[in-house]
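2 protein chains.
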Amino acid sequence: MLEITRLSTTQPDFPEALRRLVDWEAADAHRVQEVAAGILADVRKRGDAAVLEYGARFDRLHVDSVRELEIDHAALKSAFDSLPADQREALQVAADRVRAYAERQKVESFSFEEADGTRLGQKVEPLDRVGIYVPGGKAAYPSSVLMNAVPAAVAGVSEIIMMVPAPDGQLAPMVLAAAYLGGVTRAFRIGGAQAVAALAYGTETVPAVDKIVGPGNAYVAEAKRQVFGVVGIDMIAGPSEILVVCDGHTDPEWIAMDLFSQAEHDEDAQAILVCPDPMYLDQVQQAMERLLPGMERSDIIRTSLARRGALICTRDLTEAVDVVNTVAPEHLELSVAEPEKMADSVRHAGAIFLGRHTAEVLGDYVAGPDHVLPTSRTARFASPLGVYDFQKRTSLIQCSPAGAAALGRHASVLARTEGLTAHARSAEYRVEASGRG
Amino acid sequence: MLEITRLSTTQPDFPEALRRLVDWEAADAHRVQEVAAGILADVRKRGDAAVLEYGARFDRLHVDSVRELEIDHAALKSAFDSLPADQREALQVAADRVRAYAERQKVESFSFEEADGTRLGQKVEPLDRVGIYVPGGKAAYPSSVLMNAVPAAVAGVSEIIMMVPAPDGQLAPMVLAAAYLGGVTRAFRIGGAQAVAALAYGTETVPAVDKIVGPGNAYVAEAKRQVFGVVGIDMIAGPSEILVVCDGHTDPEWIAMDLFSQAEHDEDAQAILVCPDPMYLDQVQQAMERLLPGMERSDIIRTSLARRGALICTRDLTEAVDVVNTVAPEHLELSVAEPEKMADSVRHAGAIFLGRHTAEVLGDYVAGPDHVLPTSRTARFASPLGVYDFQKRTSLIQCSPAGAAALGRHASVLARTEGLTAHARSAEYRVEASGRG
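Chains A and B are the protein sequences, given in the same order. Take 1 as the starting number for the first sequence in the UniProt record's numbering and just add one per residue. Take 1 as the starting number for the second sequence in the UniProt record's numbering and just add one per residue.
Derived by calculation from the structure, the hints in this document are not laboratory data. The reader is advised that the hints may include incorrect statements.
No copy labels: a pair is met if it fits in one copy or bridges any two.
Taking lysine to aspartate or glutamate and the EDC-like style, the derived pairs with C-alpha atoms no more than 20 Å apart in a straight line are [as the list claims (entries may be wrong)]:
#  : residue 1 : residue 2
1  : Lys123    : Glu103
2  : Lys45     : Glu204
3  : Lys123    : Glu108
4  : Lys106    : Glu296
5  : Lys341    : Glu125
6  : Lys45     : Glu289
7  : Lys341    : Asp86
8  : Lys106    : Asp48
9  : Lys123    : Asp344
10 : Lys123    : Glu340
11 : Lys341    : Asp316
12 : Lys106    : Asp128
13 : Lys106    : Glu125
14 : Lys45     : Glu16
15 : Lys45     : Asp23
16 : Lys45     : Glu25
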């Protein structure tokens, strides 16, 4: 038997039940905070020596210097060259498509001139140096390398430093190959909060970066939160989620497998199906029971479905969209007859997969849009990782003498209402200059 | 005598001296962390009751309900209508110019179709509800209301909730007038970490928002850091800074006053002048000594110049730009003959003010670009507050059956290298469907 929560929008406590379902707070948040803070302070103080100790402790990596943890750039290329043809091709297609999509996200500088000759503008530039964190551990994810590195490369970042945990020193050749294709300039076998610390503060060997992106475990996420301000960060990632809305006319095995593909990530991953047809929910549940024994990661799938999965019955598809907007899912699959119309009424989601053929997994690897997406309801305010995360803006203001005089009059009035006399005087000098001119 | 640090790039320890000058870390960071965490937890648990208690304790505001802390929307309009004509005009000009500039920053949705009918896109939408924090306390800043609210309104945010501390219940009419002009939909006389908590978690009276923006004191900044993830935040603001590069040919009094205008903000504000001419640095210092006694906020100016101000002599203007790129200043004034050329080589700054007539103060109030800018070297990775801070993106992926089959083949290969069989099977269903079709 497969255990999974069943909810219905007709039950009186549905809003609370839904909120409980999607609420996610790490069980031992306080401990994670303290551990992360300790590692950060230690690496900040002792640099390489601390990084080495944590690598030995957490990844059983015993080396004499952080330099030995750096992966030679030539090794990246040779890893790519040694891949079987189908893997090389798949990786290349993925990189090309991610790059092509990212190119469309580039933010451009602008400037314009006003009648009195005053010019205003905004200069957009790439960051100098960024760190990308790539999860390793239970599974190495070459796709994550591409999804983090490519938008940085497209933005024009000149130094892209990859940190990837290598338990017992092991790293999948695909991860190195992806780093080569993605434009990574330096790579280290360093993971956990110590990787975030090294990137944020710099060590004797690891250069300090300007921004750290990429998802990691709870310690990595907490470390990123704590260094925010010293460096930029992209977001604080929680467990991965999918919400599938189905009208009841997709092959139930497809939907069952789509839910599995999320649930197999880890025990905290969340897979939710929303459908107005209770019979169809039964069919999908039966398909899951039938298919589960054949899955390699059936234990993880079973646990995550039992813990956080749900089959939700709504009165109609309109109500299904209400559920979507409350959940603000990371991944949203619209397995319905008219997905475009439904997508228009979706207010909050990281990525929307439209139509029965658009399995979420296509977006994980090759569709093009980034797979680093806002989790845990943060799609209410956050966006997919993109080129814009690796660009920054500077405002440009160039007043003509006439413009400075005209603006200076108003600035002086406002400054004086705020009690800031030096502000007012600074503006008035330019007003007086114009009177003399 | 006016006390201010003098540095020269020719001194052997210049890099370390410069780093010490610009490094800023709150003296009692740990205490601030604990106090903020306590207030957040309390407001989260007890809602309105906690907000009322902190208001009584910190702002001496004794009322019976949070509803009494809400400012009636009609009061905003009547505050605007009651302003003297010059203030009303100045505020209107500022609002209009900030709005016109913000309009140019809007990010637009895009989508495109590939040869096999697959469509990709990115949908850009405004956030639903945002909170803006407006500093009050020592001085009420109507300009900050505009600079926070207007970009949100331009983005299309439908609910803009303003929090402003009102010590002893006092609020400047200009602040209310600016809220009216800026498009604030609700306003509360609540400040400090409790304002951030109320916005992040919601209370019986204050609705929870999706993002909190705007600078505040150290407690507000720390509270924002701690709620990041529950809601979005813009940045963590440190003290305000200006760096002026001058070629030695601007009236020394103008530059002295421009430095004062930064220093008068508060005792931690930073004002730095960089110039290749040591005689000119002397002239500016003499001008400062002459002008200081006439300033209303001379004590604050004197303290902040002594603590954090500096006059830096460089070998030439090229070296001055190197100093700029190390400091990554919030405000950068280029008081030189060819400011455009110099601006091109500036890599990091929040806003650049080009030319002798473009006093930084013009940007504080009326030029148009936002005055909420990245401080404390964060211009290396962060941008001015803008419309883009109130918009979010959702990726759109709609595969045609042929596209799903083609992409599915590669996705399956990559999924299997990552050991994710359910991912692979989910893709393969769509490949098989195409084979059958």
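- Query: Given identical chains, is Lys341 near Asp316, meaning Cα to Cα at most 20 Å, within a copy, between copies, both, or neither?
  - Reply: Within one copy only: 15 Å inside, 61 Å across.
- Item | Intra- versus inter-copy proximity for Asp344 and Lys123 (alpha-carbon distance at most 20 Å) | Between copies only: 9 Å across chains, 33 Å inside a chain, cut-off 20 Å.
- Message: Cα distance capped at 20 Å. Does Lys45 pair with Asp23 within a copy, between copies, both, or neither?
- Response: So Lys45 and Asp23 pass the 20 Å test across copies only (16 Å; inside, 36 Å).
- Message: For Lys106 and Asp128, with the copy left unspecified, which applies at a CA distance of at most 20 Å: within, between, both, or neither?
- Response: within (16 Å within a copy, 25 Å between copies)
- Message: Regarding Lys341 and Glu125, is the shortest C-alpha distance of 20 Å or less found within a copy, between copies, in both, or in neither?
- Response: Between copies, since 16 Å is at most 20 Å while 37 Å is not.
- From the Cα coordinates, with 20 Å as the cut-off, is the pair Lys106 and Glu296 best called within, between, both, or neither? Classified as neither; 40 Å inside a copy, 47 Å across copies.
- From the Cα coordinates, with 20 Å as the cut-off, is the pair Lys45 and Glu25 best called within, between, both, or neither? between (30 Å within a copy, 16 Å between copies)
- Task: State whether the alpha carbon distance between Lys123 and Glu108 is at most 20 Å within one copy, between copies, both, or neither.
- Result: Intra 8 Å, inter 18 Å, cutoff 20 Å: intra and inter.
- Query: Taking 20 Å as the upper bound on the Cα-Cα distance, should Lys106 and Asp48 be classified as within, between, both, or neither?
  - Reply: Cα proximity of Lys106 and Asp48: none, with 36 Å in one copy and 44 Å across.
- Item | Within, between, both or neither, where Lys123 and Glu103 count as close if Cα-Cα is 20 Å or less | For Lys123 and Glu103, both the intra-copy (18 Å) and inter-copy (16 Å) Cα distances are at most 20 Å.
- Within a copy, between copies, both or neither: where do Lys341 and Asp86 come within 20 Å Cα-Cα? This pair counts as neither: shortest intra-copy Cα distance 37 Å, inter-copy 50 Å.
- Identical-chain pair category, Lys106 with Glu125, by Cα at 20 Å: both (10 Å within a copy, 17 Å between copies)
The structure is inconsistent with the numbered hints 4, 6, 7 and 8, although it conforms to all the rest.
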